[in-house]
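Which chain is which? The protein sequence lines are A and B, in order. Under my numbering, the first sequence has 48 at position 48, and the numbering climbs by one with no breaks. Under my numbering, the second sequence has 12 at position 12, and the numbering climbs by one with no breaks.
Because the hints were derived from the structure by calculation, they are not lab data. Some hints here could point you the wrong way.
Example chain B residues on the side facing chain A (calculated, C-beta under 8 Å, incomplete) [what the hints assert, rightly or not]: (1) Thr311; (2) Leu316; (3) Gly320; (4) Thr322; (5) Leu376; (6) Gly413; (7) His415.
Note that the coordinates shown come from a computational prediction; the quantities given were computed from them, not determined experimentally. Using N, Cα and C, we set each Cβ at its ideal position, and we do this for glycine too.
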Amino acid sequence: MSAAQVSKQNSNLSQLQDAAQAITAGNLSRADSDLQSVLHAAPEDYRALDLLGVVRVLQRRETEAGELFRRAIEKKADFAPARAHLGLLYVQQGHPDEAVPQLREALRIDPARGDASSALVRILQDQAQAAATTGDSKTALALLMEARKYAPDNPDVQLELGTIELKLSLWQDAAEAFQRTLRLRKNDPLALYDLGRAFMGLLDYEDARQQFARYVAVRPDDASGYCALGMTLAALQRAPEARDQFERSIALAPEQTESYFRLGLIDLDAKDLDEADKNLRLALARKPKDARALSALGNVAFEQKRYSEAIDLLQQAIAGDDSLREAHYYLGLTFARVGRKQEAEDQLQIATRLEHDEAEHRRIVFQMQDGPARDANSSQPQK
Amino acid sequence: MRSPNKTSGTILLGAVVVAGIGLAFALQALAALDPQGSPTPGHFVEVTEKLGIHFRQQASPTSKKYLLETMGSGVAVFDYDNDGRLDIFFANGARLDDPTPKGSIPRKDNPKYWNRLYHQKSDGTFEDVTERAGLTGFGYSTGVAVGDYDNDGFEDLYVAGYGRGTLYHNNGDGTFTDVTAAAGVAGSGWMTSAAWVDYDNDGRLDLVVARYMQWDFDDIYCGRRESGFRSYCHPDAFKPESILLFHNDGGGKFTEVSHKAGIDKPGKGLGLAITDYDHDGFMDILLANDSMPEFLFHNRGNGTFEEVGLTSGAGLDSSGNTFAGMGVDFEDYNNDGWPDIIITDLANQRYALFTNQKDGTFDYSTAVTGLSPISLLHSGWGVRFVDYDNDGWKDLLIVQSHVIDTIEISEPGLHYREAPLLLHNERGKKFVDVSARSGEVFHQKWAARGLATGDIDNDGKVDAVVTSNDGPAWVLLNRTDSPNHWITLNLVGVKSNRDAIGAQVRVSTAAGDQFATVTTSGSYQSSSDKRLHFGLGTADSIGEIEIRWPSGIRQVLHDQKADRIVTITEPIK
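This is chain A alone, in the form it adopts within the complex (with noise of 0.2 Å):
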């Protein structure tokens, strides 16, 4: 490079600093003066008109602006200010499926950018809240997690992401989120109960009880945290305490279904057929159609020998769901006892098949937790 050369790029790199300044400084027309001067000089400069492009969105002059960062881009392809300008100008015309490109390659050119993480972020958010609201949960699980590749300190993000995981029953994903979330940001009543939820579904029952436990401290005056207490205490077969939790969150929700329905369950347990007969009658009187109340309640009557009732609650009951295992189970149990052989085994043999297509489903959430790295014998649980 010649003397001569290197004093005219000096002299560029001193007049696109001041316009740089000018620009902080909210003047306008000195930074179009100095940047002009350097165009002038040096049309080529993808720094001036990545500049200039900046001027002109602040002037609202966005079509001129898009054409400078496009051109800026064309002079140096891995430019990452004119890529990250570029998808902001996108998003500010509304345009964001095309400022993701953008953003995306101005973070891999540069991952420290701030401004294009940020607006990145915040479009795959609420693309994966919109997959999300259409039923496509995978859709929104892949553009969260990458979401949370360049925010991993974002606690929404991870809040959301958890959220999606729990949905696709990725308990150990999920609990990891909410785990990130409550780290992030402490005591977060969603992320508690999700994180109670997600140790349900990974059937670790205690830490569940313990979120829930927290969740109930946070938000004492919620019925479905009690409810949800409940639930972890009885899954622990703790049926007293489950029992005193349920009692709360009817107390605080008197309207309620669930908590009845699991008092009911509690008491058909414990063989108090009365009793139960009595609670899940109050959540079928609230909710009528309730398949599951309404297999309880057949099971109730099949303890009691009421079979003709039973039949009848527990084809009702299937009616609503015909997914109901335990409705199958026990309608196949009361039509071997009034004698109705191959109804019963029909009936029984659903049951065993949905037991086992639950099992199938559990294999496959395992799979996809283990990536699709392993092969087809590794997706087998363990026993």
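Assemble the complex: chain A is given as a structure, and chain B must be docked to it using the hints.
Positioned in the frame of chain A, the structure of chain B alone reads:
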């Protein structure tokens, strides 16, 4: 019945009984009103080394995590030389290569793999008589069943194994002869528990052999692909296999009749128990299946069986879920005269207690008897209904361990090694965990598998022998502090099979009736003393003993003294 040392009320009741006033109903009513004290804890003392027993099961763990290497081997408690003292036989594993070629039958190519027979000497200690007895064994041994199949008065042994079972005829002189080939009972596949039962009441014991799955030494990877995470495969990865039923034709010959008898429904059998659950005079068979419905083979009485596990309510838990059935026992825990079922399984499943409803059906009673919170986080193998404190109610002794030796990594809340469980039976209504107060034994973490019971020292309290996977065995002598009375009945069949297996006995005292069936089967891959032991509480005599022999003969004995071992021979008519 309760120990008299609880309250002044029960002391008074005991005095009434001693005075000979026959107010049985009043006594029962009063006892029911008596406030419940804390249940009598057990006291079991581990004396294995002191007694001269040094057995160690060789599982031969490999990097391939062959399922065979985590399922353990069983134990038998029986009197092979008729000296009145119980002896102990341990089944053992064999060498597994790493890897082991598919189709291999493992070999006992080192004495450490031998099965072992320990003879109890007159001083209560044991001596290893394996070689002299000719019982070193073949292949990878799993289960063991004791029964006098030729009615010659000496107990014979069937040792189940992977690939082949072995029938040992007791020569009556301290030696045994392998008669497998001549008898035709080698079987095939992965055999687990075995049971002797006279299913057709012809006076000869037949042989039932459970099989686990269609399994070979394939290199199947299960678990996460990370160091230390390789795991034993779930049974769902393998196809089920049918049970084997060998009919005893006499003359030392057997015929495999499982298909003809309708008992060849494929299962994943681990535990095996027999009883006549519906009192029709024919022995039924319960097969504890792993992760599929449990099988209850109802004996139709015409040489065939009908599998009624699901329809009887004994196939699944109360939610219609399968569970990993492993150990099993089939006895009357609530003294109503009808045999009930206990099946052990894995953590998060709860041990399954099915109460006989007296109409051919069963009720899942795990929750209502208090077993749910006790068993939720435990994994059980060998299990026996044992009245450890002689109060007249059969308690539960369960030996435990998870099946996966790396379970702590994948599920930190669970444990591979676990202490045994001792559950006190509260008058047939509840079970209470008394393990923590029942001696050091119940604080030791074992990878337990097999469990056999019997009164080893003939002191009137039932003792236990436990095996572990790839580890030692333990002899546990029952030293429970209880003044309760007892009686042990040694039944000898004449028209019936000589072991009297299948005989149903009712023992009646002022406090009520108790029932039991003669069997050596139950638990997990193990065989227990065939003698029937009854705790009698405060009763020092028995008003009536009623025996229904498999031959159909009914025998009644009156006014029997307690605290002794009585031999009762089947009457001719």
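Consistency of the hints with the structure:
no.	hint	verdict
1	Thr311	holds, 4 Å
2	Leu316	holds, 6 Å
3	Gly320	holds, 3 Å
4	Thr322	holds, 6 Å
5	Leu376	holds, 5 Å
6	Gly413	holds, 6 Å
7	His415	violated, 14 Å
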